[in-house]
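All residue numbers for the first sequence refer to this note's numbering, where the first residue is 8 and numbers rise by one.
Take the hints with a grain of salt, since some may be wrong.
Stated by the list, open to error - Once the Cα atoms are required to be at most 35 Å apart in a straight line, the calculated DSBU-like pairs of lysine-lysine come out as: (1) Lys127 x Lys87; (2) Lys173 x Lys122; (3) Lys91 x Lys422; (4) Lys410 x Lys291; (5) Lys118 x Lys257; (6) Lys576 x Lys506; (7) Lys195 x Lys291; (8) Lys616 x Lys228; (9) Lys506 x Lys477.
In case anyone wonders, no lab produced these hints; they're calculated from the structure.
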Amino acid sequence: MSKGTFYITTPIYYPSSKLHIGHTYTTVAADAMARFKRATGYDVKFLTGTDEHGQKLQRAAQERGMEPKAYIDEIVEGIKKLWKTMEISYDIFIRTTDDYHKRRVQQIFQKLYDKGDIYKGEYEGWYCTPCEAFWTETQVEDNKCPDCGRPVELTKEEAYFFRLSKYQDALLKHFENHPEFLEPLSRKNEMINNFLKPGLEDLCISRTTFSWGIPVPFDEKHVIYVWLDALSNYATALGFPEEMEGDYRKYWPADIHLVGKEIVRFHTIIWPAMLMALEAPLPKKVFGHGWILLEGGKMSKSKGNVVDPVILTERYGVDALKYFLLREYSFGQDGIFSNEVLLNRINADLANDLGNLVSRTVAMIDKYNGGIVPAPTIAGDFDEELKNLAVSVSAKLEEKMNKLDFSNALDEIWKLVRRTNKYIDETAPWILAKDGEQKGRLDTVLYNLAESIRIISVLIRPFMEATTKKIWMQLGMDEHQGTTWEDSASFGKLPTGLKVRKAEALFPRIDIAKELEELESLSKPKTVEVKEEEKAVEEKPEITIDDFAKVDLKVGEIVECKKHPKADKLLILQVKIGKETRQIVSGIAKYFESEELVGKKVVVVANLKPVKLRGEESKGMILAAESGEELVLLTADIDSGAQVS
RNA sequence: GGCGGCGUAGCUUAGUUGGCUAGAGCGUCCGGUUCAUACCCGGAAGGUCGGUGGUUCGAGUCCACUCGCCGCUACCA
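Please model the complete structure; the sequences and the hints are all you need to start from.
Put into C-alpha cells, the structure is as follows:
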C-alpha cells in the first residue's frame, strides 16, 4: 500500500533568540512537503528540533543566573508552541540535549576515533590564543593570525580533529555523480570551486574553552563541538548508531534535508564526509532555499518592520500565511517581504478567488436548490473543459512538488480555481434558474461547481488543512466522501443530496490601506525589543580603568588615502598624529570613497601592535561605529595628536 | 582579487536541448455580469528579452566582449 518511505528534515534551530519568519518559512515548506508525501501514499518521517549546546547559550544562561538547560527549556517550549500555532506536523522533535542524542553522539565520536578518522591535536596547527582559534598553514601569513593579526604559535593545546581532508576526493566524485544531491544547481559550483578544489582542511571538532556540550567520551575535558553534535541529529533521531534495526533502517538515508542557503556548505561537505567516515549512506538531496528579505535589505530595526509570524497568523490565519510564503516566493531564490505584498496576495488569491468561489457556489445551491447538492443530469457546453482540467491538476501538482517548486504547484491549483470561476460566468446559473425548463441543466452546473470545489479542497490540503476542513463543512461532506488524493483525479466523487451550510467567509477581504496603517503602528514597539535583545547578546565582560588605560587613543588627521591594491575591503590611510605620520590599513572601503576621507580627524588606537594586512603594514586602527548597513567614523574636531581618554 | 549566479512588460516572474506571433499573475484602462467576500468574467495598452558584436536560414535561448546587481571566498586590529 505504501509507496515507500520519505524522510524529510529541517535544520535544528539555535534557541538563542526569537525565531523569525525565516525559520517559519523553512519549517512550513518542510511541513507542506511532508503532508503532501503522506497524502500521496508515502510512509513519512518529518524531523525538526533544536541545537542547544555551545558557548553562546551557556553565557546567555549565566547572565540570567540560570542553569543552561532550564534556560533553554523555556525557549524550546516557545518554539514548540510556535510550531503548534503553525500546525506543523513533525513526527520527531529532537533536542541535542536529549539523552539518546548525547549518548549516540558519543558513540559516533568513539567510532570515528577507533577508526582513526578522529585524532587528537598533536597536529602541527597554528593557534591564536586570544581568538581561541586554530589556523592552517595556508591561512597563517608571517606567523600572524589571519583573524587578529597577532602572532600565532604551534600549540600543544589539545583538540580533536576530524579527517575531513581524507574525504575530499570522494566528495568531489559524489557531486559529479549525483547532480541531484544539491539544489539549486547554482550552489554546486560554489561548493566545488570554493571548498573542494582548493582542498579541505581537517576540522577541529572539540573545545575546552566552554563546558556546555557533550563530553568527549574518553576525555571529559573536551566537549564535542557543533559540527558533530548538531549535524548528526538527522541520524541519531532515527537511532543511529545505537539502534540500527528500527527507524534508521527504515528511513535512512534522508530524502531531503531542507536548509537555508547559508548552511548549505555544512550539509553538503562536512555532514556527508562524516557519513562517509561512518560508512553510512549519504542523504539523497540537500535543498538550500533562498531568504526572505525585507525591503532595502536584511531585517533592519531602523526600517521598523520586523516580521513576527505570530502576529500575522493572529490577524490573517495560519493558512493565509502558509499559502503566502509558499506561493509568493520561488523556493530556491531570495524574495522580498512587505506587508503590502502579503495583503495583496491574500486578497487576490484567497479572498477573491478561492473564498469567493466557495461562497458564491454554496449561496447558489442554497438559493436555487434548497441547499441540497443536486444530481447532475443534463450535460452542456463547458462541462468537459472544466472536468478535464479538474482531474488533471493532481498529476501536475505532483510533478512540481517533487521539484520542491511550491509556488508553481499552488499555481496549478489556482488555474482550476480560476477556471471554475469562469465556468460560473459561462453557464450563468442565475439565468438558468429563471427558466423552469432548464432545471436539469442548472442542477448539473451546480453539481459541477461543488465537485470542482471538492477536488480543490483535496489538492490544497497539504498546504492548508484548516481551510480544507472548512470547505468540507460548507459542502456538507465528511472526510470519507472523496477526500483521498486519488479522489482528486476523478470527477464525480462528491455524493449528491448533501446539505450545504453557509458559513463565514473563508478568507475575509482585507482593507489594505487601513490594514497597512495598523501593521505599521504594531511594528514599532517590536523594534525596541529586538534592539535590546541584540544588545544583551553583544555585551562584553567588565574591565577596570587600568585595562582601559592600556589603550592609547589619539586624534589623527587623514592626510592621504588610497585603495588597497590586493583587497576589496581595505583602504590604506596615511594618518598624521601630532608630528608623526603613519600608515593604517582599515576595512572600510565598502563605506567610503578614498577622497572623502582626506582631511578628516579621526580617533586612532595608537599603540596597537603593527601588523601586515595583505602585504601592507598597518600601525594602529581607526575607530568607527557600525549599525546594520551604516558605518560612521569617530571624528574629533581638535588638533591632531590630541589624547583621547 | 578568485569562483559562481542573475539582468525578460510599472512590479513579481515563465520560457527544458535555438523555430515565439515572447507567456502568466498583480497593477492600469475599457467592457460584461449580478450568484458571490464592491467579487467574478472578457478585452486592451505596455517588452529594441541590460548593451555591443559574432555563429546560424533563424537567438531571450549558443559564443566573445561590455555594463549593472547579487552570492560564496580572501582581506576588514
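*Quick one, are Lys118 and Lys257 close enough, alpha carbons at most 35 Å?*
22 Å, holds
*Holds or violated: are the alpha carbons of Lys576 and Lys506 at most 35 Å from each other?*
70 Å, violated
*Starting from Lys410, check that the Cα of Lys291 is at most 35 Å away, please.*
13 Å, holds
*Pair hint Lys506 and Lys477, alpha-carbon separation not exceeding 35 Å*: The given pair, whose Cα atoms are some 14 Å apart, holds under the 35 Å limit.
*asked:* For a C-alpha distance cap of 35 Å, please report whether Lys195 and Lys291 respect it.
replied: 15 Å, holds
*Would you mind confirming whether the straight-line C-alpha gap from Lys616 to Lys228 stays at or under 35 Å?*
33 Å, holds
*asked:* Please verify whether Lys91 and Lys422 have alpha carbons no more than 35 Å apart.
replied: Roughly 31 Å between the alpha carbons, so the hint for Lys91 and Lys422 holds.
*asked:* Check whether the Cα positions of Lys127 and Lys87 lie no farther apart than 35 Å.
replied: Given that 35 Å is the threshold and the Cα spacing comes to 38 Å, the pair is violated.
*For the pair supplied as a hint, Lys173 and Lys122, confirm whether the alpha-carbon distance does not exceed 35 Å.*
13 Å, holds
In terms of the numbered hints stated before, the structure departs from hints 1, 6, listed from lowest to highest.
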